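For reference, the chains in residue letters:
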Amino acid sequence: AQSVTQLDSQVPVFEEAPVELRCNYSSSVSVYLFWYVQYPNQGLQLLLKYLSGSTLVKGINGFEAEFNKSQTSFHLRKPSVHISDTAEYFCAVGSDSWGKLQFGAGTQVVVTP
Amino acid sequence: GAGVSQSPRYKVAKRGQDVALRCDPISGHVSLFWYQQALGQGPEFLTYFQNEAQLDKSGLPSDRFFAERPEGSVSTLKIQRTQQEDSAVYLCASSPRLAGSYEQYFGPGTRLTVT
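Chains Z and D supply the protein sequences, listed in that same order. First residue of the first sequence? That's 1 in our numbering, and the numbers climb one at a time after it. First residue of the second sequence? That's 1 in our numbering, and the numbers climb one at a time after it.
You may find that some hints are simply not true.
[Unchecked claim] With a Cα cut of at most 20 angstroms, we get these calculated SDA-like pairs of lysine to any residue:
| id | chain 1 | residue 1 | chain 2 | residue 2 |
| --- | --- | --- | --- | --- |
| 1 | D | LYS57 | Z | ASP96 |
| 2 | D | LYS78 | D | ALA2 |
| 3 | D | LYS57 | D | GLY40 |
| 4 | D | LYS57 | Z | SER95 |
| 5 | D | LYS14 | D | VAL114 |
| 6 | D | LYS11 | D | VAL74 |
| 7 | D | LYS78 | D | GLY40 |
| 8 | Z | LYS49 | D | VAL114 |
| 9 | Z | LYS69 | Z | GLN42 |
| 10 | Z | LYS49 | D | LEU98 |
| 11 | Z | LYS49 | D | ASP24 |
| 12 | D | LYS57 | Z | LEU51 |
| 13 | Z | LYS49 | D | ARG97 |
| 14 | Z | LYS49 | Z | ARG77 |
| 15 | Z | LYS49 | Z | ALA105 |
| 16 | D | LYS11 | Z | VAL11 |
| 17 | D | LYS57 | Z | SER97 |
| 18 | Z | LYS49 | D | ALA88 |
| 19 | Z | LYS49 | D | GLU103 |
| 20 | Z | LYS58 | D | LEU98 |
| 21 | Z | LYS49 | D | VAL74 |
| 22 | D | LYS11 | Z | SER95 |
Source of the hints: derived by calculation from the structure; they are not laboratory data. Note that the coordinates shown come from a computational prediction; the quantities given were computed from them, not determined experimentally.
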């Protein structure tokens, strides 16, 4: 069985400040890890993914994440946020043969001036 | 190009009514997934199609939920005798690849409210 825990339900942050969103997973098999962003009334958009290789993954819009196998974590970071980064962020893990994803409960990021 | 589209975008149903939610995947995408996203939660897997074959329906919460993709393109998720706990956003995702890929493109979802 696998599970995904996002430790923060909401993260307020000032514009141009850094942000880190925490994600921990549990799985008995090799995993693939993802971060998605969801803007209001829109579908999910892939920010970045870890399938194998380098543990530091760079994604779109200046986001990056680091896979830490020993801590079973995949935290998302951005060094300087914009107002437009206000959205809900979901961490997800996939480990089956079909490609289905298991998502965390999400972290709402609110960027204020 | 056109992405994944879903219709209707919003649906209000009275308890006990049947509803049908449509997903138009990106043309040529062989894999199609349905997810259910309850308020304040992350999406949860419902079912998976590879072309017209439903290969995994382990996430369907009850036998009131039924999905089909008869010609391997458009898919319909049907919920019979809706209940209040069915209120959620239903997301569809398609992928150009067969099993083993996580390259999924999501539609905007259908928000179902059961009153």
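Tested hints:
1. D:LYS57 <-> Z:ASP96: 14 angstroms, holds
2. D:LYS78 <-> D:ALA2: Violated, at roughly 24 angstroms.
3. D:LYS57 <-> D:GLY40: Roughly 24 angstroms between the alpha carbons, so the hint for D:LYS57 and D:GLY40 is violated.
4. D:LYS57 <-> Z:SER95: Given pair D:LYS57, Z:SER95 holds - Cα atoms ~16 angstroms apart, limit 20 angstroms.
5. D:LYS14 <-> D:VAL114: 5 angstroms, holds
6. D:LYS11 <-> D:VAL74: With a Cα-Cα distance of about 19 angstroms, the restraint between D:LYS11 and D:VAL74 holds, given a limit of 20 angstroms.
7. D:LYS78 <-> D:GLY40: Violated: D:LYS78 and D:GLY40 sit about 23 angstroms apart, past 20 angstroms.
8. Z:LYS49 <-> D:VAL114: 35 angstroms, violated
9. Z:LYS69 <-> Z:GLN42: 32 angstroms, violated
10. Z:LYS49 <-> D:LEU98: Given pair Z:LYS49, D:LEU98 holds - Cα atoms ~18 angstroms apart, limit 20 angstroms.
11. Z:LYS49 <-> D:ASP24: 25 angstroms, violated
12. D:LYS57 <-> Z:LEU51: 25 angstroms, violated
13. Z:LYS49 <-> D:ARG97: 16 angstroms, holds
14. Z:LYS49 <-> Z:ARG77: Holds, because 13 angstroms separates the two Cα atoms, which is no more than 20 angstroms.
15. Z:LYS49 <-> Z:ALA105: 18 angstroms, holds
16. D:LYS11 <-> Z:VAL11: 31 angstroms, violated
17. D:LYS57 <-> Z:SER97: 14 angstroms, holds
18. Z:LYS49 <-> D:ALA88: Violated, at about 26 angstroms.
19. Z:LYS49 <-> D:GLU103: Status holds; Cα separation ~10 angstroms.
20. Z:LYS58 <-> D:LEU98: 25 angstroms, violated
21. Z:LYS49 <-> D:VAL74: Distance ~27 angstroms between Z:LYS49 and D:VAL74 Cα, so the pair is violated.
22. D:LYS11 <-> Z:SER95: 33 angstroms, violated
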